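So the sequence lines, in the order shown, correspond to chains H and Z.
Quick note on the numbering used here: the first sequence kicks off at 38 and runs consecutively.
Quick note on the numbering used here: the second sequence kicks off at 174 and runs consecutively.
Bear in mind the hints are in silico, worked out from the structure with no lab data behind them.
Model, not experiment: these values are computed from the prediction.
Beta carbons are placed, not taken as given, at the ideal position from N, Cα and C, and that holds for glycine.
Among the hints, erroneous ones may be present.
As the list claims (entries may be wrong) - DEER-style ranges, computed between Cβ atoms:
1) Z:A223 x H:P66: 46 to 56 Å
2) H:P133 x Z:D351: 32 to 42 Å
3) H:A100 x Z:S422: 20 to 30 Å
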Amino acid sequence: MSHTDEVSRVAVTDAAAALLRTLYAANGPLMFHQSGGCCDGSSPMCYLAGEFRTGDADILLAALAVDGVPEPVTFWMSRAQFALWQHTHLTVDVVPGGAAASHWRRRRGCAS
Amino acid sequence: MAPALGRYFENPGPGHGQVFCEGPGAPPRTWNAPWTPRTPPPRRGRTSAAERAGVLNRIADRMEANLEALAVAESWENGKPVRETLAADIPLAIDHFRYFAGAIRAQEGSLAELDEDTVAYHFHEPLGVVAQIIPWNFPILMATWKLAPALAAGNAVVLKPAEQTPASIHYWMSLVADLLPPGVLNIVNGFGVEAGKPLASSPRVAKVAFTGETTTGRLIMQYASEHIRPVTLELGGKSPNIFFDDVSSARDDFLDKALEGFTMFALNQGEVCTCPSRALIQQGHYQEFLDAGVERTRRIVQGHPLDTDTMIGAQASNDQLEKILSYLDIGQQEGAKILIGGERAELPGELAGGYYVQPTVFEGNNAMRVFQEEIFGPVVSVAPFATYEDAIRIANDTLYGLGAGVWTRDATTAYRAGRAIQAGRVWTNCYHAYPAHAAFGGYKSSGIGRENHKMMLDHYQQTKNLLVSYSAKKLGFF
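If we strip away everything but chain H, and leave its shape as in the complex, we get (with noise of 0.2 Å):
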C-alpha cells in the first residue's frame, strides 16, 4: 500500500462532497475502491470505510478532505489498473441512480 506521489489525482464535485457528509453522518467513516470490468464496472465504489481490505495489490490514490466529514475519504485503485490509469485525473461525482453507496459515478474523469 503506498500514497502516490501526485498531489492530486482525484476531486469530488460538490454534488458528491454532499453525499459523503450524509453518508458519513449515517454510516460513519467512509472510502472508494476504483472498480473495472462488467456491468457497473470502471466506477469507484463507496464503502465504509475498512469494509473492502485493500492489500499490495491497491495503491492509495488520494485521501480527500471533504468539509463537514471529519475524517479524511481514501480512493484505491487496483495497481494493474493504475498502470492504465496513471495518466488520468478522476473527478467523483454522483447522478440519480440506484440509490445505493456504491452507486457513485466519476462522471468527468478526463485526462490531464
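Chain H is fixed; fit chain Z onto it per the hints.
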C-alpha cells in the same frame, strides 16, 4: 413477501426514464433466516436425477408457453429490444434448462479398480445452499445460467437479482413457483451491503457465484474467505474482435457476416460482458472495411424497446447512461476520433427521457482508456494492425480475457490466433453466440470458473471418494 423494514427502492423503466415499480429493500434481518425456521433445510440431494431433470424440463415447458410475456417483461425491465428477448434471451434460457435436465440424467460417478481388492468410488454430491448474484444486463438468462446447473446438481439456491433489474425474475418465478419444491429457490432483493454481503459471508452458504465488476468480485472473495467458501466469478472484459485482410478478399456472404460481426458491439446496447468493444482491423483492408463497418452501424434502428423493428433500445439505467456519456467525453479528450455517434440519442414522444445512446465508433490506439476500460455501452474503439504478431500483442494487451473474435478465411490463421489469444472464448468467424454446450468464462481479471457446458456441474458439486478395501488381510505395519 414485504421487506421486514418496509423499505422499497424505485425501479425506473429504461425506455422512458419513469418509475414503473418498486423493489423490496432487503435489510439483513429479512433474510438472515431465509430457510429456517419456516422451511426445513433443503433436501434436494435426496431427489433423484430423474426427478430434478423433470422439474427443469417442466420449467422450460412453462417458459416456452409464456415466451412472449417473459420477453416483454424482460424488455420492459432492462430496456433491451423485444426482438432480442423473443429470439435470444428467453429461447436460450429455455434451452439451458433442458440442456442441464439432460446433462444430469447422463452424469455418472466413477469407480477405479486400484488393485484386485481395492476400489475407489467417486460420487457427485450437491454442495447444499448456494448463493447466486445476478447482473442486470440479461436478468433472466444470467439467472438461468447459474440456476440450471445448481438445481440440476441438487442444490438449494438463494438468488439475488441486480437492484437495477429487480422485477422480471419475480414474474418468471410467479410462472414456475408451483413446479419447484418449497425452499429450493429463494429470491432476495436489495443492494450489496444489505443483501449481497449477508449472502457471501454466511456460514450457511456453501458456495457463491457472482457476475459483475472487479471490485465487488474481490469483495465477495473476501467475504467468502471468512468461511473458506468457494467462489466463481465472471467479471467482464474488453474483448478484441480481429479482422484479418483476407476478410475483404471477396464481396460475398462471408464479408457481410464479418461486417455484422463488427456491428455486434451494439447488441444489447453494448451491455454484454463480451461486447466486442475493440475492433482490430488489418491495415491492408483497414479503411475499406472500417468505412463499411461505419455504414453498417449507421443502419442500426434505434427505438422503442417493444417495437419488433428496433435493433437497439435503451441503456438499463441512468447510472449506465451517465457512465457511457462520460466515456464519450474521455475518448475525445484523449484524442480518439468519433466516426459515427458520440452523443446521447434523444428520441421523441413517449421515449423522451429514456436512456438512449447513439451507437458510436471511435478510432484511436490501444493505450487509450476507451480501449482499456469496459464502457458497457454501444461503443467500439477501432485500431489498425500490421501483422499477425501485432494483432495478438494488441489483443492480449488488456487486464481481461473473457471473449474475443477472429475473422479470417484462412483456417490456419484462425486456429493459431484462437489459441494465442488469452481469453476463455474465442468466437471464430462468428460472434455473440451462446449455446448451452460451449463453456464460457474468463482468463486473467475476467474471473474464475466457467458457465454453460455440462462441466459446470463441477462448480455445484462436491466429490465424495469412498476408498474401499475388500481384502480381509492386514497391511502388516502394526
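> Can you list which hints this structure breaks, lowest number first?
Replying inline: 3
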